[in-house]
Amino acid sequence: MDAAFEGIGASVRRKEDLRFISGRGNYTDDINRPHQMHAFIKRSDRPHARIVRIDTAAAKAAPGVVAVFTGADLAAIGGLPCGWQIHSKDGTPMVEPKHPVLAEGKVRHVGDPIAVVIAETRQQAKDAAELLDIELADLPSIAGVTDAVAPSAPLVHDEAAGNQCYDWHIGDKDAVDAAFAQAAHVVKLDLTNNRLVPNAMEPRAALGDFDPSTGDYTLFTTSQNPHVIRLLMGAFVLGLPEHKLRVVAPDVGGGFGSKIYHYAEEAIVTWAAGQVKRPVKWTAERNESFVSDAHGRDHVSTAEMALDPQGKFLALRVHTLCNMGAYLSTFAPAVPTYLYATLLAGTYTTPAIYVEVKAVFTNTVPVDAYRGAGRPEATFLLERLVDTIAHDTGLDRVEIRRRNFIPRDAFPYQTPVALQYDSGDYVATLETALKAADWAGFPARRAAAAAKGRLRGIGISTYLEACGIAPSAVVGSLGARAGLYEVANIRVHPTGSVSVFTGTHSHGQGHETTLAQLVCDQLGVALKDVDVVHGDTARIPFGMGTYGSRSLAVGGSAMVKAMDKIIAKGKKIAAHLLEASADDIEFKDGKFTVAGTDKVKTLGEVALTAYVPHNYPIDEIEPGLDETAFYDPKNFTYPGGCHVCEVEIDPETGVTRVVNFTAVDDVGRVVNPMIVEGQVQGGVAQGIGQALLENAVYDKDGQLLSGSFMDYTMPRADDLPNFTVATENTMCTHNPLGSKGCGEVGAIGSPPAVINAVVDALRDYGVRHLDMPASPQKIWSIINAGRLPVAAE
Amino acid sequence: MYDFTYQKPASLPDAVKALGTEDAKALAGGMTFIPVLKQRLNKPSVVVDLAKLGLTGITVTGDTVTIGAMTTHETVANSAEVKRAIPGLADLAANIGDKEVRHRGTIGGSLANNDPSACYPSALLALGGTVKTDRRTISADDYFQGMFTTALEPDEVITEVSFPIPQKAAYAKFRNPASRYAMVGVFVAKGPKGVRVAITGAGQNGVFRHAGLEAALAANWSADACKGVSTPADGLNSDIHASAEYRAHLIGVMAGRAVTAAG
Amino acid sequence: MPQVTLTVNGKSASVEVEARTLLVELLRESLRLTGTHVGCDTSQCGACVVHVDGKSVKSCTMLAVQADGCSVTTIEGLAAADGTLHPMQEMFREHHALQCGFCTPGMVMSAIDLVKSNPQGLTEEEIRHGLEGNLCRCTGYHNIVKAIAAAAPLMNATPAE
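Protein sequence lines, in the order shown, are assigned to chains A, B and C. Positions 1 to 793 (our numbering) are the ones given, in order, by the first sequence. Positions 1001 to 1263 (our numbering) are the ones given, in order, by the second sequence. Positions 2001 to 2161 (our numbering) are the ones given, in order, by the third sequence.
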């Protein structure tokens, strides 16, 4: 290669950026179809009510209105499906109530869609929606998980007794009980993982189109996985076969999990387009996003660790109540089970673990995976518990972690909660992070802050996560109703340029660059000659999309496999052209060479021959140079690392500022360091947001009190510090790239590091634990309570 | 938002006349009004845009700063004359909302709306300023009548706002973490009318004067003097970001910081 | 319906709109300039920031009729006629200051105003404070701050837009 290095390891600038910085992105709401109409969705403003009556006559007669539909009109189509089935301890399947596209009989959360008005303009649809005459009869409601399991709690679904969706467990209860019986110390901690609203900056949107001459439907939607939407919506909701339904996810403005799921609005606009024979567009207003996008987290847990006299972990016992919301979102049941409980070994050798998870329905928006999905909850629990152990026993926080780390020579390591880690070096990430954060120099900084009247604290979190989702057979045995492989089609064009068709989807991750770099690396093609195509079921063979930090580890691996096929076929063609045996052909840097000679054919020459097969072994191989691979991973990948956070608290106001944040992560092979750093920075920002700022607050009946950016605290530029980000990598042992994934590590490792730092800053006030977010009010209350007795003395 | 008739009169009498229409509403910078319209919380028949009335500009005489009602926050913030005469007022303007809000939002709009978490009302009240309208002059003490409520008649248009130049004055704000509006804003002033302290963001009835802080600061103009003054939580707002007790505490803290800033 | 005549990215446009039409709706729907985005309904996210008569404003909080007679610049109007990017656009790319790209147009327009109104230069803290009106969910702002700091001297060295 003559140009600058563009392959694996190069921080090349992103190919997709030019359109985004020029205002030429193509997001769903930017798309307009001829004769398009607009949908406005009338939603419930009550948390729980019986629908007594809906009169649509006045709305239908309003100017510009073409149609009004309610649940009764959609009764013939299916409900929104759930993609994962969990079985309770007693073997019974989870309770899986119907999730109607438009409410049927009852509304169960604020935001539950009741009716859709379709009109010539957005404003006309909204004007007409005010003319809908809807009578609702309020029913008793609940929002919090502890209220939901109280004996007298009102039922969200009649079929879910006690509001229970499932009561699941994992691990060896007897071994854990035995270890607790003999423990030198037991440390117990109650903690809450606060509910979050993902708030991708692009509100969700959907545009349905129907061609009456062919019967073909097209849905443009803000999705992280268009093929999954086609499958779920086509097969389970609308009854449309795949070949009559095209789903396009164009440029998508952030997802963080919230755009994985199949949402009602997608089905509504697609179905309605068929009914009215014109395109129908819906775009969420932000206030709708707050009450219709799946939320994240929302756990209430008790954790107990049994320890020996030296602080070695003997056994962990965890009980968690998790909120499913009013209905089961697409992957909701998997999050607090297989993405949470199985992670509770963390980086530690804890020999016995027992986890009980009870999932409950409430009158709130459905909860599903949000950046990290289960793993931030597991990490927060574990890393807060470890610091609490230090607090209660007097052992050093770092030393406890060292004593309990899985040693670097113990891999592959089988945990007591199902997972087998393939690689990692937790001491290495710890040491690098401690050095980068100048852990040793902290006491001086604390003293300097104290001299200025500030409370300074430092916190650490050593975490592990499982991503690169996922081996299909494994997840199938655990209840997944889909495979989780990935698909890549590599098309070498006649003159040697390359198109990559990937089943993953980029909504900020930079796949158009990172995945192209794989081609530069493996096929020796210049970056400018590679384009990555994603997000369209009509162009891409198949795919499971992007979530769970899977795109490179699974989607990239599929590309490697497809390129292996390209090279193998290219060798046969080159062998023919060079009059050698295919076994003697070597491929490197875009050139096929006869080993030990200077006889060479470039990839371009081979490609041209493949498409113009005049001189070609046509009896042995087909023309063309276009290969597809499906890659099913052998295991999850296991990124891990160490985050160190340093905070300063203004004791007069309770305001906490993050003054230093260091993240050292093991993400396996790094393709584009610039992009990886950006992913970690963004993840850390969301983690700091969870720890200090963000909170989805419902009142006890189910009204969302933080339903807009006026009340839900989004991290802004002046809330955050600069980040020190580094990687300290061990390679994934079971995929061809060695990559583990970097999209979620920032949001997983950071929240406990922040809270551990806050608790450290407040250590003179007798604080043992603090739930998130550590808001100024909460911290002031602690300081104020601590100060009053002192003043009284 | 609901549709309406838009008018942009070129004279004050025409504007007053237009505002005489039933359910007519005045539009100044629109930084609060347009979001309210977008939420369909208001359904005006006519929206009267005040932008063409020439109500902009700043004049400073020996003892008074006078600001045209349609002068933007940015203009006040950057005015060398305001910075010289009442630096605390320029600083307040420089920290309202964000840059984009300051480019459009106006002093007259802010005072006419009297949002309980707006900044300007505290300056007007603490400095003992006056509001001049198309028909009269209203003193600050008579102007504010509870949140979103003022002495203005429905068709009355603020033309300018005057502030007597104090010896010392400053504003300190604790922002709501989410909205960035004032959760507690304290304006302290020491001037011809003595020491006056006005609190915004905290009170259930909007901006109010704080007698305890005024007495303490009149006796001893120092941040330390604020520490001894407690504020009862009764009558203060309570929400998911701040209880009334926390707001009461922040009033003392922000008052002290304002005094320090005032020098 | 009112007629709004304005200059957008140097070109005159005259559009008939309902009085309730927002400037951002005129830009996106009447003129099909879809680079300006809408990310919230409470005037906080800044995805809709454009320049009106040279100043950054939130086009979701301004009526189209208020822009009558004004000169509006959107993200589409920043690059030179020959396609040369504005230094702020260039630095956003160079410093990886965008991921999903949705907040980017508003962020870039806001950042340009910030630099222009502070010709004396900006500290990191001033940049962060100056971005109070723009939300980004992807980047954590780290690289946005870097990009603006890098663009400032370039902008100050070149003639104003």
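Rather than coming from a laboratory, the hints here were simulated on the basis of the structure. Predicted model only: the values in this text are computed from it and were never measured. There may be inaccurate statements among the hints.
To be verified - Cβ pair distances, simulated, as ranges:
(1) A:G786 - B:S1139: 56 to 66 Å
(2) A:K700 - B:R1040: 19 to 29 Å
(3) A:A450 - B:K1193: 39 to 49 Å
(4) B:D1239 - A:G64: 32 to 42 Å
(5) B:N1042 - A:A76: 39 to 49 Å
(6) B:S1238 - A:A76: 46 to 56 Å
(7) B:N1042 - C:L2154: 55 to 65 Å
(8) A:D392 - B:D1239: 47 to 57 Å
(9) B:S1238 - C:E2016: 45 to 55 Å
(10) C:T2005 - A:G9: 52 to 62 Å
The C-beta atom is built at its ideal place from N, Cα and C for all residues, glycine as well.
If you check the beta carbons of S1238 of chain B and A76 of chain A, does the distance land in 46 to 56 Å? 49 Å, holds
Range first: 56 to 66 Å. Now tell me if the beta carbons of G786 of chain A and S1139 of chain B are that far apart. 45 Å, violated
Could one say that the CB atoms of N1042 of chain B and A76 of chain A fall in the range 39 to 49 Å? Since N1042 of chain B and A76 of chain A have Cβ atoms about 41 Å apart, the given range 39 to 49 Å holds.
Hint check for G64 of chain A and D1239 of chain B - Cβ pair distance inside 32 to 42 Å: Roughly 39 Å apart at Cβ, these two residues keep to the hinted range, so it holds.
Given a hint of 19 to 29 Å, does the C-beta separation of K700 of chain A and R1040 of chain B actually sit inside it? 28 Å, holds
Between D392 of chain A and D1239 of chain B, does the C-beta distance stay in 47 to 57 Å? Taking Cβ atoms as reference, D392 of chain A and D1239 of chain B lie about 35 Å apart, which means the hint is violated.
Given a hinted range of 55 to 65 Å, is it respected by the beta-carbon distance of N1042 of chain B and L2154 of chain C? 45 Å, violated
Is it true that S1238 of chain B and E2016 of chain C lie within 45 to 55 Å of each other by Cβ? 48 Å, holds
Just tell me: holds or violated, for the beta carbon distance of T2005 of chain C and G9 of chain A against 52 to 62 Å? Once the Cβ atoms are compared, 54 Å apart, the range 52 to 62 Å for G9 of chain A and T2005 of chain C holds.
Could you check the hint for me, namely that A450 of chain A and K1193 of chain B are 39 to 49 Å apart, CB to CB? Since the Cβ atoms of A450 of chain A and K1193 of chain B sit about 41 Å apart, the hinted range of 39 to 49 Å holds.
Of the hints listed earlier, those the structure fails to meet are numbers 1, 7, 8, in rising order.
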